[in-house]
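Engineer: Sequence:
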Amino acid sequence: MDLAARIVARLSDGRARTVPVLVRELRDDGPRLPRRMIEQVLAADGRFVSDDDPLKPRWSLHTDAGRDVATDTRARLDLLALRDWQAEALAAWSATGRGVVEAVTGTGKTRLAMAAIRLVVDRGGRALVLAPTLELQDQWVRELRAAAPDLRIGRLGGGHRDDLFERDVVVATPHSAASVPLEPPPGQLGLLVADEAHRYGAPTWGAALADAFSLRLALTATYERNDDGVADVLAPYFGAVVHRYGYDRAVADGTVAPFRIALAGVRLEPAEREAYDRADARARQLHRELVGGLGMPKDPRKLFAAVSAVVAEAETARSDGPQVRACREYLVRVRERREVAAACVGKLRLCAAAAPGLAGRRSLVFTDTVDQADAAAAELTRRGVHAETLHGELPGDKRRIRLAQFRRGRIDALVAPRVLDEGVDVPDADVALVLANFRTRRQLVQRLGRVLRVKPDGRTAILVLAHALDTFEDPSRGGHADFLRQVRDVALEVATHDADAAPGRLRDWLGDAGSDGP
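The C-terminal position of the sequence shown is numbered 525 in our numbering, with every residue numbered one higher than the one before it.
None of these hints come from the bench; they were simulated from the model.
On a predicted model such as this, the values are computed, not experimentally measured, just so you know.
All clues given are correct.
Cβ-Cβ distance ranges computed for the label pairs, FRET-style:
{"#": "1", "residue 1": "Leu301", "residue 2": "Pro188", "range": "41 to 49 Å"}
{"#": "2", "residue 1": "Ala366", "residue 2": "Asp507", "range": "19 to 27 Å"}
{"#": "3", "residue 1": "Arg492", "residue 2": "Gln195", "range": "42 to 50 Å"}
{"#": "4", "residue 1": "Asp91", "residue 2": "Ala313", "range": "38 to 46 Å"}
{"#": "5", "residue 1": "Pro482", "residue 2": "Thr388", "range": "25 to 33 Å"}
{"#": "6", "residue 1": "Met44", "residue 2": "Arg285", "range": "53 to 61 Å"}
{"#": "7", "residue 1": "Gln292", "residue 2": "Glu190", "range": "50 to 58 Å"}
{"#": "8", "residue 1": "Ala88", "residue 2": "Met44", "range": "16 to 24 Å"}
{"#": "9", "residue 1": "Glu190", "residue 2": "Ala288", "range": "50 to 58 Å"}
{"#": "10", "residue 1": "Asp235", "residue 2": "Thr25", "range": "29 to 37 Å"}
{"#": "11", "residue 1": "Asp91", "residue 2": "Gln412", "range": "33 to 41 Å"}
{"#": "12", "residue 1": "Asp464", "residue 2": "Ala502", "range": "20 to 28 Å"}
Even for Gly, the Cβ is constructed at its ideal location relative to N, Cα and C.
Let's have the full structure, built from the sequences with the hints guiding it.
Structural biologist: In structure tokens:
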């Protein structure tokens, strides 16, 4: 007897049961089964229905009157063609109606959310989707209408003011959702889905997380922040992480392209080295004073957050003193050190070295500033790669035109300072060239994710990480450590190149890495 049949037998007496009760009862007539397996069967099989308790749902067999709704829901979920990981995540979330799903960029978090929306709306509920930007709002609306043409899809923000009384699902920007009261009709279930949920740990974004929605689903590629936003805001609202889908399984499942990584080092110019060493020495001295003399956290990330908090509080209170001055200078020296390494001239030489290997491909180049983006685009174009910049200073219509041209293959490379990290529906690309250093693992996860969509011919994705040698960016000194720990055992290759000493080697590596299959 299969598991579904065993559950039917248990529920045939007409009594509703919670999952823990079913786990205990099923143990009596067979081997012990994982709770997650039972939850997955309950959520996926149309013969079972739960009550409206989002915390401890009780499961029972459908009555004849409810059988048509259940059958329709099952059929609609089948049309979504959920992958195994999505079905597992849906079951884990359905167990409580709250939770965070952390999954690699490009593996289908949106489709998982659509399945959750389907379950709620088919039970008479309403759903609010928070999309961080107007571009992502457009993407969500398109995909929801394609996947669920029977639902009434509305918008809030960008000139639209739909609500959940007239619509089954409303896709809203966080600012609009925080400004305009938006609740499900009285007595109806409400589901809130937060895309790129790590953003909502900030006070201005967190204001969009309304208490009126008892069911809550957070989606993110990296559930982390540099402040206390996860512990103080996100965890109390969404609950725990209920499912993680990492690179190891995504590559094994074939839901993302196999990938290769090159760590490409460049040397600082003499004046750059002098400026970097001066800022670095002073930052280290201040670090010792802040940690040893003032008892601040030793961990660099925690120290940076603590120092920033001291400076912010002092600005508000208009106060001063030795600790405040030390904190202010520490932030200045760390910023100077970072900017020297991020914008060093050697990274433009790297663009020149990489250009022949980028020919015939669609590439994304990530820079630190608009000026660096302009310079990199000009260097690539001089070397035969048609490159255009994409940044916040461009008019919105020009940004949309360039994205469309890139999608159609009329532009070889888009060069952007951070604007491509999140909140933009980026067309498929083959290569990500990262010139700018980064503050968090999340940024590199997002950037790698931009090229991880499966390629029709099975070719690999490529990530080139530029770094200034003998600086905090250098992997040999701990640069990119968190990210590299996450991907090193999954990548087909992690190659190291000295782009100044042997520029031809990087060019040849790009040619070889982009021409092979998995």
